[in-house]
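Residue numbers (this note's numbering), protein chains in the order written: chain A, 56 to 199; chain R, 35 to 356.
Heads up, a few of these hints could be off.
Calculated lysine-lysine pairs in the DSS-like style (CA-CA distance at most 30 Å, straight line) [stated by the list, open to error]:
id: 1; chain 1: R; residue 1: Lys206; chain 2: A; residue 2: Lys158
id: 2; chain 1: R; residue 1: Lys275; chain 2: A; residue 2: Lys176
id: 3; chain 1: R; residue 1: Lys59; chain 2: A; residue 2: Lys199
id: 4; chain 1: A; residue 1: Lys196; chain 2: R; residue 2: Lys241
id: 5; chain 1: A; residue 1: Lys176; chain 2: R; residue 2: Lys225
id: 6; chain 1: A; residue 1: Lys196; chain 2: R; residue 2: Lys206
id: 7; chain 1: R; residue 1: Lys188; chain 2: A; residue 2: Lys158
id: 8; chain 1: A; residue 1: Lys176; chain 2: R; residue 2: Lys206
id: 9; chain 1: A; residue 1: Lys176; chain 2: R; residue 2: Lys241
id: 10; chain 1: A; residue 1: Lys199; chain 2: R; residue 2: Lys191
id: 11; chain 1: R; residue 1: Lys275; chain 2: A; residue 2: Lys158
id: 12; chain 1: A; residue 1: Lys198; chain 2: R; residue 2: Lys241
id: 13; chain 1: R; residue 1: Lys241; chain 2: R; residue 2: Lys225
id: 14; chain 1: A; residue 1: Lys142; chain 2: A; residue 2: Lys105
id: 15; chain 1: A; residue 1: Lys158; chain 2: A; residue 2: Lys101
id: 16; chain 1: R; residue 1: Lys245; chain 2: A; residue 2: Lys176
id: 17; chain 1: R; residue 1: Lys245; chain 2: R; residue 2: Lys188
id: 18; chain 1: A; residue 1: Lys182; chain 2: R; residue 2: Lys206
id: 19; chain 1: R; residue 1: Lys59; chain 2: A; residue 2: Lys182
id: 20; chain 1: R; residue 1: Lys245; chain 2: A; residue 2: Lys198
id: 21; chain 1: A; residue 1: Lys182; chain 2: R; residue 2: Lys245
Source of the hints: derived by calculation from the structure; they are not laboratory data.
Bear in mind that the values here come from a model prediction, so they are computed numbers and not experimental data.
These are the residues of each chain, in order.
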Amino acid sequence: MLEVKGILNGVVLDHIKAGKGLEVFHMLKLNKIDAPVVLLMNVGSKDLGKKDIIKIEDKVDFNFNILSLIDTHITVNIIKNDKRVEKFTVEVPEEIIGHIECKNPRCITNFDDYVNPTFHKFAEDDKVLEYVCSFCEEITKFKK
Amino acid sequence: MVSIGGDKMNHSSLRHLIEPEDFTKEEILKVVELGEDMYNNPSKYSDICNGKILASLFYEPSTRTKFSFDSAMLRLGGNLIGFADANTSSAKKGESIADTIRVMGYYADIIVMRHPKEGAPKLASMYSEVPVINAGDGGHQHPTQTLTDLLTIKVYKGQLENHTIAFCGDLKYGRTVHSLIRSMARFNAKKFILISPEELQLPSSLKRQLKDQYDIEIEEVRYLEEVVEQIDILYMTRIQKERFFNEEDYLKLKNSYILTNDKLENAKEDMIIMHPLPRVNEISYEVDDNKRAVYFEQSKLGVYVRMALISKLMEVGPYVRG
């Protein structure tokens, strides 16, 4: 069985739906940080059957709530001196600045580098999250 | 930031009009009422913008809106600068909207902007030190058309509240429809009737917002004849060929949405017919002589409501401070 060491300081993102780990990796732009990162996919899980896990060493300052656009069940574990000091589930953000692009091809945010795409939560139910673009009012849906 | 000369407005009082919701219901009503007074007594206001400059930045062509703003500013005694085509501006060289707006704010006291990209005027307003008016951004908003429509309704129906309003034609992409329907909802419309082919129905998100937020009755039908006797205000829009996937569908449907006097046989005597113009063929020329047709007067009223809006945003005339 594949084994990966624990981390001394940093963050462990757990309970990521199997197959979604890579999306989380890209959403947090982990390919651009200067710190050790491990992405584990299809790890056995009592609750989920299979899950993905990401471990990031020596860095904790991320916008974790943005991950709820990928999976609202992700848990964040903050590790300090080999101990878990904080554990929480990602929360659906009211506002998103940057991170995602407006899907409206006529939206100014897709043309002007000055502007950061900005979205506000429009609606939420058990299955779908909806955000409205602050500039063009286009609605973007995310499956929960 | 160092302020260099001029008498620019205090930043805290700086207002823009990017979408109708930027104004409260009371503010909209006041602008509409002032527009009505300006229409009736234009000489009272002929010099309130003396020495002021309006910059019109039209990144895509427009006839009525551009000249309507020009006419409004000139009738208030002000002056004009600007461009009517992005090819004659530095946008062609790749200048960002933020840079253009920062500089134009030093040359003019108010900016009117039309842009093909949705949200561009909002971006402009974030960097502007003078008021910005959205004169149309792609298929998104066209708030001064909405003010024009509201003034027309006020002049011809006496009040903005409690009307049954039918919207006919392209309700999916028609920005004038989206803006007006939301504004009329704020003014307690009695009922909305939506007349369109299935392909061009009002977006469901907007329908949901109208139902959830305002609890207004909405009836959707395919043809005008089914509902014509109920209507107080008929708002016509153009069905554009390019909105259809194939020409066959377009040809099949387009005649159903051309307004003729026959289709108005059972209409109320005091119903009014509005249209944001330009008209292509969706209102037959014979309807122009129908007493219910007010779409040309609507264009005329657009000048006066824009005069009222300029006064408000520049805090001149009846809006002067202190």
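Practice prompt. Take the C-alpha atoms of lysine 59 of chain R and lysine 199 of chain A, compute the straight-line distance between them, and say whether it is at most 30 Å.
Written response: It is violated: about 37 Å lies between the C-alpha atoms, which goes past 30 Å.
Worksheet item: Has the given pair, lysine 275 of chain R with lysine 176 of chain A, been kept, meaning a C-alpha gap of at most 30 Å?
Response: violated (35 Å)
Worksheet item: Holds or violated: lysine 245 of chain R with lysine 198 of chain A, Cα cutoff 30 Å?
Response: holds (24 Å)
Worksheet entry | Restraint status (C-alpha distance of lysine 206 of chain R to lysine 158 of chain A at most 30 Å) | Judged against 30 Å, a Cα distance of about 17 Å means the pair holds.
Worksheet entry | Straight-line alpha-carbon gap lysine 176 of chain A to lysine 206 of chain R, limit 30 Å | holds (23 Å)
Practice prompt. Sort out whether lysine 241 of chain R lies within 30 Å of lysine 198 of chain A, counting only the CA atoms.
Written response: With a Cα-Cα distance of about 22 Å, the restraint between lysine 198 of chain A and lysine 241 of chain R holds, given a limit of 30 Å.
Worksheet item: Can the restraint linking lysine 199 of chain A and lysine 191 of chain R be considered satisfied, given a maximum Cα separation of 30 Å?
Response: violated (48 Å)
Worksheet entry | Pair hint outcome, lysine 182 of chain A versus lysine 245 of chain R [Cα-Cα no greater than 30 Å] | holds (22 Å)
Discussion item. Next pair to validate is lysine 196 of chain A with lysine 206 of chain R; report whether the Cα-Cα distance is within 30 Å.
Written reply: holds (19 Å)
Worksheet item: Straight-line Cα separation of lysine 245 of chain R and lysine 188 of chain R no greater than 30 Å?
Response: holds (24 Å)
Worksheet item: Between lysine 158 of chain A and lysine 101 of chain A, does the CA-CA distance stay at or below 30 Å?
Response: Measuring from Cα to Cα gives roughly 37 Å; hence the hint is violated.
Worksheet item: Does lysine 182 of chain A lie within 30 Å of lysine 59 of chain R when you go C-alpha to C-alpha?
Response: Answer violated: lysine 59 of chain R to lysine 182 of chain A is near 36 Å, above 30 Å.
Hints 2, 3, 7, 10, 15, 19 from the list above are not met by this structure, while the remaining hints are.
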